[in-house]
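Go ahead and model the full structure; you've got the sequences and the hints to work with.
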Amino acid sequence: MDENTIIDLFNEQVIKTPNNIALIVGDKCLTYKFLDDNSNQLANYLLENCKIQLEDLIGIKLNRDEWMIISLLAILKSGAAYVPIDLHYPKQRQDFIEKDTKCKIIINQEFLEKFNLVSSTYSDHKPINVLVSSRNLAYVIYTSGSTGKPKGVMIEHRNVVSFLSRIDVQLGFEDLNIVAATTNLTFDISVLEIFGTICLGKKMILIGEDKLFDPDLFVEEIIKNKVEVLQLTPSRLQQIFNTLFKSPLLHLQKLLVGGEAFPKETYNLLSRNINLETINVYGPTETTIWSSFLDIKSTDKLSIGKPFENEYIYILNDKLLPQPIGVAGELHIGGAGLARGYLNLPELTMDKFIKNPFIKGDRLYKTGDLGRWLTDGRIEYMSRKDDQLKVRGYRIEVGEIESVLLRVPEITDAVVLPYIKDGLVTELIAYFVSNKGYDIKTLRTHLGQDLPDYMIPGHYVRMDIMPLMINGKIDKRSLPDPTDLGVNSGVEYEAPRNDIEERVVKIWQETLGRDRIGINYDFFEIGGHSLNATSMLNKIRKEFDVEISFSQFFANSKISLISEYINKKSNEKIREVPLFQKPTVSEYENFSDQEYFDVFHQQEKEYMRRRILDVNNSYNMSFYVLFEKLDTYILEKVIQTIFERHESLRTSFKMKENILKQHITKNFSKIPIEYIDVAGEKNKDELIMDIRQNASNTEFDLEKAPLAYLQVVKYSEELSGLLFTLNHTISDDVSMRNLKNEIQTLYDAYLKGKDSPLAPIKFQYKDYAMWVNTFLESEKWSVSKKNYLSKILQSIERTKKENAQGKCISSRIQAKEVCSYRKNLTAELLQNLSDGKSIKQFEDAYGTIVNLVADKGAVYKMIIKEPLFSKLKDMASLNGSSLFVNIITMLSLAFYKSKDVKDSRIYIPFSTRVFEEFEPIVGWLTSEIILPISVNESLLFRNFAEQVAKEVFENSDYRFYSYEKILNDTDAPLHLLAPVSFNFVVHNETDLTNFDEGHRQNGSGHFDFKLEATQYKNALNFNVEYNLKAYQASDIENIMNIYVGIIEILTENSNLFVSEIIGDKSISLAV
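Each step along the sequence shown adds one to the number in numbering that gives the first Met the number 0, with nothing skipped, and position 877 is 876.
Keep in mind the hints are simulated off the structure, nothing from the lab. Keep in mind that a hint or two might mislead.
Simulated restraints, written as ranges between beta carbons of each label pair [what the hints assert, rightly or not]: (1) Asp970 to Leu750: 53 to 63 Å; (2) Gly376 to Leu686: 52 to 62 Å; (3) Gly447 to Glu643: 55 to 65 Å.
Just so you know, even glycine gets a beta-carbon here, dropped at the ideal spot from N, CA and C.
Written as structure tokens, this is what we have:
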């Protein structure tokens, strides 16, 4: 037998291919060496600081990112075994697992933050002097237990190594290198996705939780990362089937399906219609991942196939005698995958892991599964021998659920049964005896304190008495039919009343597999859960063209409510149409031969800033694309195509008759690319950082195209990267994402000798700019903007009254000498610009130029860490609103409490891609809105947040009316028009690593108070840039301390009135 450990296999790969990509997480590509170095550091920290001993158990509670993988490796390197604990488990279940395992430590986000502070003091090269044997524990995974408590299955290194030694050959993995990791760590098939890749020299694509449950995002990740091997449960496959196979899966070669019974209907679809090798796999946790397999293309009859090498399966009767072919018996599994047993349960271990009656000194595991031998030597799975079920791939003992039900006061008897549809257990039904009625949501909440989501029944039926058989056992066949949903939900059936309700009922029927659904049934009380809710919401989006978030649906989880919501959103979209008229291609065809074209106001502002201040520095943006074994000829062909495809990449700017215009170069004979080789350098990572920093500081002449700079950096013989830097005048974040995706798509196609698969672009940036400028000159806009201006000016007047009472948001009460950037640009000044003269000397004559000349500023940084960050997200979700809306609402309360100012106006950047046709355009398609907020103390916080959300939605119509244009149309100074600037940035695929807080003296004072909130996976980072004429450092600290105090109070109890929050004396002004 192979005496290697999991770490032995990983170390071999590090030696063979240190610079190969081992792991991709979002946009991060990490090498084998990176994983090895970082896991060495963490392993040494565990050994030296935490005094880890051989076979200590270490709990792991982490998000799905690179540190989850690094932590697993570090635990195994230290000689310990890992115990996965789902962050979403109820606290009681987490506590039980921690207590049962006597976990020496728990690796969570807080643990890693402490480690990162000292990680540099632990060597990434120091040998780890722990003699780990193949017979030592690797992990303990908990499965459902019939006694009411989960049980821990103990798996050794040798069990995993044996499995990994055979999958390449037997499953045909030898030539497949890109494997998706989609499974929760608490499910043992995750071991295949993680160690079956990095121990065999393959590339793991770790898909984040935010992508897992949205079919479109999930499939997008599969396609983008060219996944070749995908593993799914049948339930998951059914959920995403149509989405998965509606797109051409050019790279997907093999699909593993297992974890529960394979429905015949899905099998028929795959075997007949899909040109994809699909393997049906079978095996309990106790025998390590999978024990048998079947290539469904190889047979017309569905089965669980034949055992893997090193595994054997007996089908025995109750006397442990072999059953003949075709006769059912219990499956008993033996071989190298057999677990050590159950943690702390010696009697159960002896009962389930028995002596092999046919091989002396050997053991068998009694699976409880019934099956029979087929004539071709394969095994047909038939059913369970006991009450164990598989739901969505998870093994469930109904006895555990019944035990928790019986702990509910007033419930005297309970039984849980499966509901089976299309061969799958789709949900659970709880029958219970109680002398009082129970609110189903309350009952679900009670169960949720002990049971994970997948073990909570979808239907509940209250019984006066359980029907019994002659032997005194419950007569399960006599229990009411669960398809009568009126009985299950406790709500009388009411038919749909209008077209929307009828269409939603039909969608729910398809999703839940029910025929009779009333409009007042709650989705989550009639079999709904997170997986089928995702599928249902996608169907609603396609049917009604309306986006509904999980949180919004949770707050409106009845057909009557969700139909009202759909109707409201549809009406809002109808009202939008008269304001924004979708452009047509024919409108812009006649302008394609012009030499000069309109600019967008953001481009004009940036051009003026540089010319008036006589500077060359500008705001640049860049992205990085990685290539393995780069073909430079193909890449240069791709770049040529990209520049021909997007006019913005060939755009420059010039003053014509005192008006700034775009000029588009017809074509470039060859796009300049700089090639840099750092492969042989020892400090290559530092060099690459310098290269990226220098690129971001590139000085572009806005009157000379291209305003882009391309560099190819050779990192190693295997790996190169394209660094693509653009000036902001021709790009934004969406543009960069578009370009990156197009470059990757074209490179793949050209490498295979294929033509470009990209659809033609209907509109270029010049068309967009012309559309915007035409819109801003329209009669509809002229009428609409008056209402918006009136609202803004009324808000400013209320602020002036507050200022007169000594209440002010900053120390600048009186309007100073401030004007718009267009108001004072007279013909003389514009002529100087056209003539190319330097006009810095004209600045005093024309006053201060808004957004061009900024006061001195400083920066203050504060971080919302765990567990407060998770509480904040949960609160937002429960209130049915976004994190963005909640934190901007709390910000307005912080200013009210600290400065006694009810009315404020907040500057918020906004996308201007208002039509689908604008999505592919490369260019600067962002502007901003001014959001007026007036604090209402009489409202509950959640109602006030809803009011703010409504304001954001309504004001989004005015995103093309920039604040410079508002300044031009009014006499309001900037610090009154927009005293606060707020930007919300989402990086929820990456962790925040720099937790430094406090003041820095370098910053811009353009806005009096500018807050950028960045959402990471593990924290919310607040970066405040403030004007030193408006605030002192102590003012900013007070505001932010109050802000955090409000967050802390509301995350404990969001059911508070605004007046209670403002009046709470525990929120102190003291620093």
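For each hint, the structure was consulted:
{"no.": "1", "hint": "Asp970 to Leu750: 53 to 63 Å", "result": "60 Å, holds"}
{"no.": "2", "hint": "Gly376 to Leu686: 52 to 62 Å", "result": "59 Å, holds"}
{"no.": "3", "hint": "Gly447 to Glu643: 55 to 65 Å", "result": "56 Å, holds"}
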